[in-house]
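Enquirer: Sequence:
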Amino acid sequence: MTTSLTLLFCLLFAQFVRAQQPAATTPQQPAARPGQTQQPQAPQRPNPRATPEASPQEENLQQENRRVEGPPRGFGEQPQGPVQAMTLQEALQLALKQTSAFQQAQFDERIVREDVRQARAAFLPKLTVPLTYFGTTPSRVREPGEPPTFSYASSVAINETVALLNAGGEIDLSGRLRAALRRSNELLAAARAGTLVARRALVINTVDAYYGMVLARQKRRLAEETLSLAEGFVKVAEGIAVRGEDESGGADVLRARAQVVQRRDELQQARAGESAAMDILRVLTGVEFNTQINVTSINENIPTVSDFESYTEEQIRTRPELQQIEAQRRAALADARAARADRLPQMTYNVNGGFDAGDIHQLNRFSGGSAIVTLTVPVFDFGTSRSRETQARLRAEQLDSQRELAMRQLRQEFYTARAAALAALARVRDAQSGVTAAQQNLTLIFARYRVKKASITDVVDAQAAYAEARMAYAQAIVDYHTARVRLEANPGQ
1 MTTSLTLLFC LLFAQFVRAQ QPAATTPQQP AARPGQTQQP QAPQRPNPRA TPEASPQEEN
61 LQQENRRVEG PPRGFGEQPQ GPVQAMTLQE ALQLALKQTS AFQQAQFDER IVREDVRQAR
121 AAFLPKLTVP LTYFGTTPSR VREPGEPPTF SYASSVAINE TVALLNAGGE IDLSGRLRAA
181 LRRSNELLAA ARAGTLVARR ALVINTVDAY YGMVLARQKR RLAEETLSLA EGFVKVAEGI
241 AVRGEDESGG ADVLRARAQV VQRRDELQQA RAGESAAMDI LRVLTGVEFN TQINVTSINE
301 NIPTVSDFES YTEEQIRTRP ELQQIEAQRR AALADARAAR ADRLPQMTYN VNGGFDAGDI
361 HQLNRFSGGS AIVTLTVPVF DFGTSRSRET QARLRAEQLD SQRELAMRQL RQEFYTARAA
421 ALAALARVRD AQSGVTAAQQ NLTLIFARYR VKKASITDVV DAQAAYAEAR MAYAQAIVDY
481 HTARVRLEAN PGQ
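Once you know that position 301 of the sequence shown is 301 in the working numbering, the rest is easy, because the numbers rise by one and skip nothing.
Heads up, some of the hints might be wrong.
Computed cross-link-like contacts, SDA-like style, restricted to lysine to any residue with a CA-CA straight-line distance of at most 25 Å [unchecked claim]: (1) Lys-126 with Asp-208; (2) Lys-97 with Asp-108; (3) Lys-235 with Gln-268; (4) Lys-97 with Met-86; (5) Lys-126 with Gln-346; (6) Lys-452 with Ala-464; (7) Lys-97 with Lys-452; (8) Lys-452 with Glu-238.
Source of the hints: derived by calculation from the structure; they are not laboratory data.
Go ahead and model the full structure; you've got the sequences and the hints to work with.
Expert: What follows is the structure, given as structure tokens:
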């Protein structure tokens, strides 16, 4: 009897103990009863979906960090595709082949070149072959016994057939054709200069986009490195707190975690900026949007002072903008000479060879040739040609004023770009030493923090200063290259 009671008591006690323990597959711990404290189990990781009812502030922050999930894989990222490495020269070559204002200017140049061809052809005779048949009714008035004859006085037979080879043109006594040719040549030169202007603008935009991509990628890499450093600081701060050496009461750990959140936000912004910069470069170079572009490192082309030896103010006079205005001015003067030539005598000629036969069976009889030379002497046109001449000369004076204004603007652009490039050179030198100093400062501050001689605020400030110094160094290099390309008269050649 005693043995049975003992066994029954052991079974009941084991069942009670088993009921108090949570199941192994249950992801959530049962809530504690009022007045009873439930101890968390160390080996078990808390479920991110569980909401604790009462916990300290640090545990709440940990639970919040665990509940925050990132976007789905591939969300907000560029579609994965082939990777294309691209240098600056390759980017320029691709951009010059794409549809742009530069290609439109090339079409304009080709159109004007046809005008030159037409002006040259005006000096040559125009060959034509007029074939004519002129049939009339027989005359109703004729003497008895006479054969039927034509009724129109201008006709030579009832059935008249004309086949001639005609060569006609102008003999340029007044100089009008020469002035038209000169005008077409000057307009062609202006179109070529306009093509160079469009090419220069496209090259500058491509260089800006390329180095914008280089800077955006460098910013993203720095954001990744800064985030890694911030995460490393969190581990160090947590390690100090676990060893019981934290004198801030958990404030250092919270500050380090807040820095990690901030650095993650900066990394996402840097990735978005890199994606936008890559899209701009894709549009200019014609690369597909599913292709990832790899650009050169920003440290591969460090600027030097010797690059400025060839940049002088004399290069401004070779700018295509000035050449275009000058060519347009010469074309206006050619227009004035052409208008003045309208008041001078002009000679035309026509040479014919063939037959004008009343009987198609007697071509030898009616075959031959003729020549007509006409001299046209202008008398009075009510001032039309003189008005066109005045109009053309006023246009030439307007272009002179426009050239002077463009010269001042180009000089301003030159000296602004030159000052920006020189300032960027100085910034590169200063930023390089600043990066070295910031790196050494970060190393010393971190070492002092580990031995409790510096606060977490000093570490955060040193980390931010190091990131800003590296970004300033990269920005200075990019500013130099984008300013230098504006100093060249024909960049990219």
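Enquirer: Taking only the CA atoms, is the gap from Lys-126 to Asp-208 under or equal to 25 Å?
Expert: Answer violated: Lys-126 to Asp-208 is near 53 Å, above 25 Å.
Enquirer: If you draw a straight line from the CA of Lys-97 to the CA of Lys-452, is it 25 Å or shorter?
Expert: violated, 62 Å
Enquirer: Between the alpha carbons of Lys-452 and Ala-464, is the straight-line distance 25 Å or under?
Expert: With Cα atoms ~20 Å apart, Lys-452 and Ala-464 stay inside 25 Å; holds.
Enquirer: Given the hinted pair Lys-97 and Met-86, is their Cα-Cα distance within 25 Å?
Expert: It holds: about 15 Å lies between the C-alpha atoms, which stays within 25 Å.
Enquirer: Assess, step by step, whether the Cα of Lys-97 is no farther than 25 Å from the Cα of Asp-108, and give holds or violated.
Expert: holds, 16 Å
Enquirer: Given the hinted pair Lys-452 and Glu-238, is their alpha-carbon gap at most 25 Å?
Expert: holds, 14 Å
Enquirer: Taking only the CA atoms, is the gap from Lys-126 to Gln-346 under or equal to 25 Å?
Expert: holds, 17 Å
Enquirer: For a C-alpha distance cap of 25 Å, please report whether Lys-235 and Gln-268 respect it.
Expert: The given pair, whose Cα atoms are some 22 Å apart, holds under the 25 Å limit.
In the structure shown, a violation is registered for the earlier hints numbered 1, 7, in ascending order.
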